[in-house]
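**Q** In case you want the letters, here they are:
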Amino acid sequence: MKLELRGISKAFGSFYANKDIDLVVDDAQIHCLLGENGAGKSTLMNVLYGLYQPTEGHILLDDKPVAFSGPGDAMAAGIGMVHQHFMLIPVFTVAENIALGAEATKAGGVLDLQVTRKKVREISDRYGFNVDPDAVVEDLPVGVQQRVEIIKALVREAKVLILDEPTAVLTPQETDELLDIMRQLKANGTSIVFISHKLREVRAVSDVITVVRRGLVVDSVAPETSTTELANLMVGRAVQLNLDKEAGTPGEASLAVRELSVINPAGTTTLDRVSFDIHKGEILAVAGVQGNGQTELTEAILGTQPVNAGSIKLDGQELVGKSVKAVLRSGVGFVPEDRSVHGLVTQFSIEENLILDLYDRKPFGKGISMNLEAMKKNATKQIADFDVRTDNPLNPASSLSGGNQQKVVMARELSRDLKLFIASQPTRGVDVGSIEFLHRRIVAERDKGTPVLIVSTELDEVMELADRIAVLYKGKINGIVPGDTSREVLGLMMAGVSQEDATSQAGHVKADAEPVEATPVPVETKQPGQAAPGESNAAEGEAQ
Amino acid sequence: MTTQGLQPSITLLPSKKTPIVLSVIALITLISFGFLGSSQAAHFSLSTATDAFTIPDLVFPGMATNIVFGVLLVALAAYSWRLRAKGQALPTWAVVIAAVLFVLGFLIWVVSGANINSISLASLLAGAVVLAVPLVFGSLSGVLCERAGVVNIAIEGQLLGGAFTAAIVASVTKNAFAGLIAAGIAGALVSLVLAVFAIKYLVNQIIVGVVLNVLVSGITGFLFTTVMQEDPELFNSPAHLPIIAIPGLSAIPVIGPILFKQSLIGYLMYVAVFLVWFGLFKTRWGLRVRAVGEHPKAADTLGIKVNATRFWNVTLGGIVAGIGGSFFTLVAIDSFTKEISGGRGFIALAAVIFGRWNPIGAFAAALLFGFADNLQVILTIIGTPVPSQFMAMMPYLVTIFAVAGLVGRSRGPAAVGEPYVKE
Chain A
1 MKLELRGISK
11 AFGSFYANKD
21 IDLVVDDAQI
31 HCLLGENGAG
41 KSTLMNVLYG
51 LYQPTEGHIL
61 LDDKPVAFSG
71 PGDAMAAGIG
81 MVHQHFMLIP
91 VFTVAENIAL
101 GAEATKAGGV
111 LDLQVTRKKV
121 REISDRYGFN
131 VDPDAVVEDL
141 PVGVQQRVEI
151 IKALVREAKV
161 LILDEPTAVL
171 TPQETDELLD
181 IMRQLKANGT
191 SIVFISHKLR
201 EVRAVSDVIT
211 VVRRGLVVDS
221 VAPETSTTEL
231 ANLMVGRAVQ
241 LNLDKEAGTP
251 GEASLAVREL
261 SVINPAGTTT
271 LDRVSFDIHK
281 GEILAVAGVQ
291 GNGQTELTEA
301 ILGTQPVNAG
311 SIKLDGQELV
321 GKSVKAVLRS
331 GVGFVPEDRS
341 VHGLVTQFSI
351 EENLILDLYD
361 RKPFGKGISM
371 NLEAMKKNAT
381 KQIADFDVRT
391 DNPLNPASSL
401 SGGNQQKVVM
411 ARELSRDLKL
421 FIASQPTRGV
431 DVGSIEFLHR
441 RIVAERDKGT
451 PVLIVSTELD
461 EVMELADRIA
471 VLYKGKINGI
481 VPGDTSREVL
491 GLMMAGVSQE
501 DATSQAGHVK
511 ADAEPVEATP
521 VPVETKQPGQ
531 AAPGESNAAE
541 GEAQ
Chain B
1 MTTQGLQPSI
11 TLLPSKKTPI
21 VLSVIALITL
31 ISFGFLGSSQ
41 AAHFSLSTAT
51 DAFTIPDLVF
61 PGMATNIVFG
71 VLLVALAAYS
81 WRLRAKGQAL
91 PTWAVVIAAV
101 LFVLGFLIWV
111 VSGANINSIS
121 LASLLAGAVV
131 LAVPLVFGSL
141 SGVLCERAGV
151 VNIAIEGQLL
161 GGAFTAAIVA
171 SVTKNAFAGL
181 IAAGIAGALV
191 SLVLAVFAIK
201 YLVNQIIVGV
211 VLNVLVSGIT
221 GFLFTTVMQE
231 DPELFNSPAH
241 LPIIAIPGLS
251 AIPVIGPILF
261 KQSLIGYLMY
271 VAVFLVWFGL
281 FKTRWGLRVR
291 AVGEHPKAAD
301 TLGIKVNATR
311 FWNVTLGGIV
321 AGIGGSFFTL
331 VAIDSFTKEI
341 SGGRGFIALA
351 AVIFGRWNPI
361 GAFAAALLFG
371 FADNLQVILT
381 IIGTPVPSQF
391 MAMMPYLVTI
401 FAVAGLVGRS
411 RGPAAVGEPY
421 VKE
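Going down the list, the protein sequences come from chains A and B. Sequence positions in the first sequence follow the numbering used here and run 1 to 544. Sequence positions in the second sequence follow the numbering used here and run 1 to 423.
One or more of the hints may lead you astray.
Restricting the straight-line Cα-Cα distance to at most 20 Å, the calculated cross-link-like pairs of lysine to aspartate or glutamate (DMTMM-like) are [stated by the list, open to error]:
| # | chain 1 | residue 1 | chain 2 | residue 2 |
| --- | --- | --- | --- | --- |
| 1 | A | K2 | A | D27 |
| 2 | A | K313 | A | D277 |
| 3 | B | K422 | A | D73 |
| 4 | A | K322 | A | E352 |
| 5 | A | K419 | A | D447 |
| 6 | A | K376 | A | D357 |
| 7 | A | K119 | A | E157 |
| 8 | A | K362 | A | E352 |
| 9 | B | K305 | A | D73 |
| 10 | A | K245 | A | D447 |
| 11 | B | K338 | B | E233 |
| 12 | B | K297 | A | D73 |
| 13 | A | K313 | A | E259 |
| 14 | A | K159 | A | D207 |
| 15 | B | K282 | A | D417 |
| 16 | B | K174 | B | E230 |
| 17 | B | K305 | A | E103 |
| 18 | B | K282 | A | D112 |
| 19 | A | K381 | A | D391 |
| 20 | A | K325 | A | D315 |
| 21 | B | K297 | A | D22 |
| 22 | B | K297 | A | E103 |
| 23 | B | K282 | A | E103 |
| 24 | A | K64 | A | D125 |
| 25 | A | K118 | A | E103 |
| 26 | A | K245 | A | D460 |
| 27 | A | K313 | A | D417 |
Hints are computed from structural coordinates only; laboratory data are not their basis. These numbers come from a predicted model, not from an experiment.
Turn these sequences into a full structure, and let the hints steer you where they fit.
**A** Here it is in structure tokens:
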């Protein structure tokens, strides 16, 4: 089916998330929408799917104008959408999820799940999805949940499939599998709108790439366009591709984590006897697919996560069992993974946010009063140092963009003398320009001799920053490897393959000269777009 | 691809809760009920005069039985400690056996030490079902609302509104069926207020529910004194629904009176439990309702009207609870009095949680509370060693222990209490 968007605009108040967008997706075409977080890609697709009403413009299917008052209409017209945050009911089975809204019934509205099961098996077999219709969705890995979403669209006979940031939650191997699935769907005549900000995938699978920036279509280009050019189009100016980080000069071991284990209230082991060291002046990056124990690891060091066994020693001092305040006082700087919830009090001013964990220390606190003058001076200095874009330090933190919010958090944590710096997802939902800046500050802190622990689900960020890489899989350290390890090996290790097997398998793939991707990207070429992290806050950001 | 088998290699010992509780009840049974108990025999009669055939009474010597029970419980407690040391939890059947032994032991101890050493087990159970009827309807209302994602604290108000309306309509029209229908409408009206405020105006559902309870209590109390007490002949002498005994079947000992000797509302209860269960888990309607209560946005993206579904479910819940309330004035008691529902709406709410948001579970939980309620009445009559005030606490103690102790971390619908707003 041919899909055409003509002059679509979508305004929220006076802010235009989309302005005058024209887009044509041909029959059996994979059309990529490339753009940074907050560029307006998800808003556009929500308009197309009937979740938002366009302020102006028309949607045409096979040259006939259509109007959708809700997702039901869009589905009936043959449009299917796989949302970035899956729209699956976690406690339902696969079959129940797929039946929902289009149930096969016997007399009297009695569910006939047998029909749905049969359909699921049919599609699952046709595309090699390997999905059990009776599995409960919350027990399935994210990659399989995504396939359930795709089956959901296919069962409803979608002719146009929208995939919104589908690879954000996948391992590199799962991503390759998904790209294969997309090619198969295309071969069967399905048109696909593929939303992404990851250049590698986009170039590997698309027929046409439309670049969106600040709600406007910038250009439509062929997939052969170079990554540099794509990155420049996406960001709107020339971007530097490499961090050009110098090799670190690690000193003695400073942080020693031994046999650290955490069991969550449900009884699942989320961290299983994790042991590692970080040396002074070294960045250790923890790689892994989200939910493999990263959150628990950083929170255990900070002290917000109860530890069931093991020890964490910083310069010989035990941190386990200490209060969070004592841990911070002993010189730990902490950037949490979700800045708007754990990093900032968004209603507080920038000035106040810059001293959130220093409020009772000199020069800011004195007895029961606060030294407002010192706070003001501190804010002026930090805002200049970290290039926080704001016209007034008394504005609430919520008025800042994601990148500038993250700079505030980072400025606060780096303003103390640190013995350990922990940053979790340091650039998630941050624009490319800020990413560069934040990465440099992290490396600068390392060069001061501070041990640095980075946790990121973005493989590119890990490879960019790390001196050494620890791969977490199901709560265990599945090997600690040098920072220049190839992404194939890391990808396999993130999926649970042991280091030795991963190394030999990755070598094997190369020897066969039959890579899964259409355009293998040399490892040494860094691509800034890929370093842009998962667009987890993008939908909210765009909606504002 | 060869993935490593990464099995978690450290395990925590299961909680000490079960072995400790078992040890305590074992000691209570062995010492208080056994060694310190009365040596008189406790009689439990299973048949009533109208039964088709009679089953002989069950007779237990008080002290001896409880010593045996106590020893068995001590053995179970020891077994539970041993399992825990090996990192295993006690299997469910053992917990059930322990609970049955303890309850039986308690009954035998109380009856053997009472002034009259005999109670009728048949009427104890039949009475439990009767007392449970409004609870079951109330908890079904709770299940219907909460499965769709709306907290219904107003069950108490719906029961009370149903009881009052049934009384006044059945008095004026001299027709119990009219009263029954009016009760359903009254419950629906209370629900409607909840639905409008909670779903349309996004007011906190708990607050609306609490306010509704106070409102209904105030209105019925006011009308009771100003209207009903002025002319009780006309306004507060409702026609009653007869008890329908099914010939033959109702004469079966023990189960006959429970299943086949009920009022219309009693039979309706069994039908309603089945219908709500079947509807929620076997039909298209139920699948959609549960989706709305779990993940409204997902339901919305599939074209399901979230707020309309919630609205109708809350209304339906009101009708069910209203009918349950009519049981007070059309079957159980002669006329309406202030606060006739006596907090049973809140017990029903506990039954929803104890029953894990499942109609059949809620039914079982309501029966348990009904049983505790009736037991306290009967034990007070036969004159037990325990002061009656303590006995009167029993249903509420059972509620607290059931909800806090046994349920633990039960998981309700994920989106319950959260209004759904489209972006």
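**Q** Indicate, hint by hint, whether the structure satisfies it.
**A** Status of each hint after checking the structure:
| no. | hint | in the structure |
| --- | --- | --- |
| 1 | A:K2 <-> A:D27 | holds, 5 Å |
| 2 | A:K313 <-> A:D277 | holds, 9 Å |
| 3 | B:K422 <-> A:D73 | holds, 16 Å |
| 4 | A:K322 <-> A:E352 | violated, 26 Å |
| 5 | A:K419 <-> A:D447 | holds, 13 Å |
| 6 | A:K376 <-> A:D357 | holds, 16 Å |
| 7 | A:K119 <-> A:E157 | holds, 11 Å |
| 8 | A:K362 <-> A:E352 | holds, 15 Å |
| 9 | B:K305 <-> A:D73 | holds, 13 Å |
| 10 | A:K245 <-> A:D447 | holds, 10 Å |
| 11 | B:K338 <-> B:E233 | holds, 17 Å |
| 12 | B:K297 <-> A:D73 | holds, 16 Å |
| 13 | A:K313 <-> A:E259 | holds, 12 Å |
| 14 | A:K159 <-> A:D207 | holds, 17 Å |
| 15 | B:K282 <-> A:D417 | violated, 62 Å |
| 16 | B:K174 <-> B:E230 | holds, 18 Å |
| 17 | B:K305 <-> A:E103 | holds, 15 Å |
| 18 | B:K282 <-> A:D112 | holds, 9 Å |
| 19 | A:K381 <-> A:D391 | holds, 14 Å |
| 20 | A:K325 <-> A:D315 | holds, 18 Å |
| 21 | B:K297 <-> A:D22 | violated, 28 Å |
| 22 | B:K297 <-> A:E103 | holds, 18 Å |
| 23 | B:K282 <-> A:E103 | holds, 12 Å |
| 24 | A:K64 <-> A:D125 | violated, 34 Å |
| 25 | A:K118 <-> A:E103 | holds, 13 Å |
| 26 | A:K245 <-> A:D460 | holds, 14 Å |
| 27 | A:K313 <-> A:D417 | holds, 18 Å |
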